[in-house]
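**Q** Sequence:
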Amino acid sequence: MDNNNNSNNSHNNIKNTLQRRNKLFAFGILGVIGLGLLFPLFYITSKQDKKKIDKYSKGSGVRGSFLNSGSSDIGEDTTKYKNNYEEHKRKMTEKHISEDINKNNNNNKN
0 MDNNNNSNNS
10 HNNIKNTLQR
20 RNKLFAFGIL
30 GVIGLGLLFP
40 LFYITSKQDK
50 KKIDKYSKGS
60 GVRGSFLNSG
70 SSDIGEDTTK
80 YKNNYEEHKR
90 KMTEKHISED
100 INKNNNNNKN
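Counted the way numbering that gives the first Met the number 0 counts, the sequence shown spans residues 0 to 109.
Rather than coming from a laboratory, the hints here were simulated on the basis of the structure.
Values in this document were obtained by computation on a predicted structure and should not be read as measured data.
Cβ coordinates follow ideal geometry from the N, Cα and C atoms, glycine included.
Warning: the hint list may mix true and false statements.
Stated by the list, open to error - Across the chosen pairs, the derived CB separations fall in these ranges:
#	residue 1	residue 2	range
1	ASN12	THR44	44 to 50 Å
2	ASN83	ASN104	28 to 34 Å
3	PHE38	THR16	31 to 37 Å
4	ILE43	SER9	33 to 39 Å
5	GLU93	TYR42	26 to 32 Å
6	GLY33	GLU86	55 to 61 Å
7	LEU17	LEU40	53 to 59 Å
8	LEU17	LYS46	53 to 59 Å
9	THR92	LEU36	50 to 56 Å
10	VAL31	GLU86	56 to 62 Å
11	ARG19	ILE43	55 to 61 Å
12	PHE38	GLN18	26 to 32 Å
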């Protein structure tokens, strides 16, 4: 009887220890995830306390999305390319007009 009781106690102790360890591990994982999610918030709020710059230097102005789009000292490109948008638009307009004419001719024949 004593052996049986001791084995049950040791089994319960192991079970309780494992449950406690699992809970600690779960809280540790949730804590790390929580810190990872809160870090950007703290970082941004710490940066917002800094003094705002009233006047920027001449070279530091925001110039838009084409800041590094190429040199402006070369000038306008005067080359006429074979496959440009205007040519494509003209061809598509001709194609649609011819299709409409063909549809009208087919409808008139019926």
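**Q** Please go over all the hints and tell whether each is borne out by the structure.
**A** A quick look at each hint next to the structure:
Checked against the hint of 44 to 50 Å, the pair ASN12 and THR44 passes, with Cβ atoms roughly 47 Å apart. A beta carbon spacing of about 32 Å between ASN83 and ASN104 agrees with the range 28 to 34 Å that was offered as a hint. Between PHE38 and THR16 the beta carbon distance is about 33 Å. The supplied range of 31 to 37 Å therefore holds. Range check, ILE43 to SER9: about 52 Å between beta-carbon atoms, so the 33 to 39 Å window is missed.
The given range of 26 to 32 Å is broken by GLU93 and TYR42, whose C-beta atoms sit roughly 59 Å from each other. The hinted range of 55 to 61 Å is satisfied by GLY33 and GLU86, whose Cβ atoms lie roughly 59 Å apart. Take LEU17 and LEU40: their Cβ atoms lie about 35 Å apart, and the range 53 to 59 Å is violated. Range check, LEU17 to LYS46: about 44 Å between beta-carbon atoms, so the 53 to 59 Å window is missed.
Checking the proposed 50 to 56 Å range against THR92 and LEU36 shows it holds: the Cβ atoms sit about 55 Å from each other. Range check, VAL31 to GLU86: about 60 Å between beta-carbon atoms, so the 56 to 62 Å window is met. Between ARG19 and ILE43 the beta carbons are some 37 Å apart, a value that contradicts the proposed interval 55 to 61 Å. The beta-carbon spacing between PHE38 and GLN18, approximately 31 Å, falls within the hinted interval of 26 to 32 Å.
Comparing the model with each earlier hint shows violations of hints 4, 5, 7, 8, 11; every other hint is respected.
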